[in-house]
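Trainee: Given only the sequences and the hints, what does the whole structure look like? Please build it.
If you want the building blocks of each chain, they are given just below.
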Amino acid sequence: AQSVTQPDIHITVSEGASLELRCNYSYGATPYLFWYVQSPGQGLQLLLKYFSGDTLVQGIKGFEAEFKRSQSSFNLRKPSVHWSDAAEYFCAVGARQTGANNLFFGTGTRLTVIP
Amino acid sequence: DGGITQSPKYLFRKEGQNVTLSCEQNLNHDAMYWYRQDPGQGLRLIYYSQIVNDFQKGDIAEGYSVSREKKESFPLTVTSAQKNPTAFYLCASSGRTGSLNSPLHFGNGTRLTVT
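Chains A and B, in that order, are what the protein sequence lines are. Residue numbers are given in our numbering: position 17 of the first sequence equals residue 17, and the series is strictly consecutive. Residue numbers are given in our numbering: position 10 of the second sequence equals residue 10, and the series is strictly consecutive.
I should point out that these hints are in silico values taken from the structure, not numbers from a laboratory. Be aware that one or more of the hints could be misleading.
Not the full set, but computed from the structure, chain B residues with beta-carbon under 7 Å of chain A [as the list claims (entries may be wrong)]:
| hint | residue |
| --- | --- |
| 1 | L90 |
| 2 | P103 |
| 3 | F106 |
| 4 | G107 |
| 5 | N108 |
| 6 | G109 |
For each label pair, taking beta carbons as the anchor points, the in silico distance ranges come out as [stated by the list, open to error]:
| hint | chain 1 | residue 1 | chain 2 | residue 2 | range |
| --- | --- | --- | --- | --- | --- |
| 7 | B | L27 | A | S39 | 17 to 23 Å |
| 8 | A | G41 | B | N28 | 24 to 30 Å |
| 9 | B | K9 | A | G62 | 41 to 47 Å |
| 10 | B | R44 | A | P7 | 17 to 23 Å |
| 11 | B | G40 | A | S52 | 29 to 35 Å |
Computed from a predicted structure; not experimentally measured. Note that beta-carbon positions come from the ideal geometry of N, C-alpha and C, so glycine has one too.
Mentor: Here it is as structure tokens:
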């Protein structure tokens with residue numbers, strides 16, 4: 001069975017500092033991996049996705065994530081955080097065979113950015 | 001602009017009443033989904049539909065019902081049988097039926113409060 005763990009419930013960083021949000025997954029084969037961002041009271045927006053190939057994927061808003069099979073991780077990074085990055089971030093894993101209807105979401109990490 | 005429209009943004013109901021949440025998309029997507037989001041939890045799948053006039057239960061379908069009479073519309077009814085209906089409800093769609101190559105697009109959600 002698939003599962004996703006985001007070990008950090010809440011992270012606070014200073015504007016301009018680097019950011020890394022952790023995501024660990026459990027899945028028997030090579031998964032589809034996603035990061036989504038949610039602003040308060042809004043829906044989720046896709047930041048980036050990994051299906052295959054290069055394990056370092058680039059996304060929107062200057063985010064990137066690295067797939068590490070040996071660690072079952074897909075951590076999200078940004079070199080310099082902006083105040084507008086304050087939001088909740090969700091990692092998700094999907095099974096290739098069953099598509100988006102079998103997408104499992106982590107519990108989210110809330111990011112606070114301080115001036 | 002193409003997108004997903006959920007209405008209303010806020011909904012208040014008395015316990016024991018059924019309530020229907022609207023979801024309309026103009027992305028020409030085949031598949032549509034309903035998720036429930038509670039504080040500190042990830043998204044949980046309620047129902048999904050891959051084609052018109054067909055839908056399947058997700059992980060937490062009890063107390064909910066849906067219909068898919070048109071490709072653009074996927075309304076969700078929260079019935080009085082749902083024990084804890086107060087939550088944030090998100091509708092999503094994806095382009096290709098059951099394919100993760102077409103990631104989820106989300107609406108901005110409806111916050112339902114039942115007292």
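Trainee: All hints are to be evaluated individually against the structure, with a verdict given for each.
Mentor: Hints and how they fare:
| no. | hint | verdict |
| --- | --- | --- |
| 1 | L90 | holds (6 Å) |
| 2 | P103 | holds (5 Å) |
| 3 | F106 | holds (3 Å) |
| 4 | G107 | holds (5 Å) |
| 5 | N108 | holds (5 Å) |
| 6 | G109 | holds (5 Å) |
| 7 | B/L27 x A/S39: 17 to 23 Å | holds (20 Å) |
| 8 | A/G41 x B/N28: 24 to 30 Å | holds (27 Å) |
| 9 | B/K9 x A/G62: 41 to 47 Å | violated (29 Å) |
| 10 | B/R44 x A/P7: 17 to 23 Å | holds (20 Å) |
| 11 | B/G40 x A/S52: 29 to 35 Å | holds (32 Å) |
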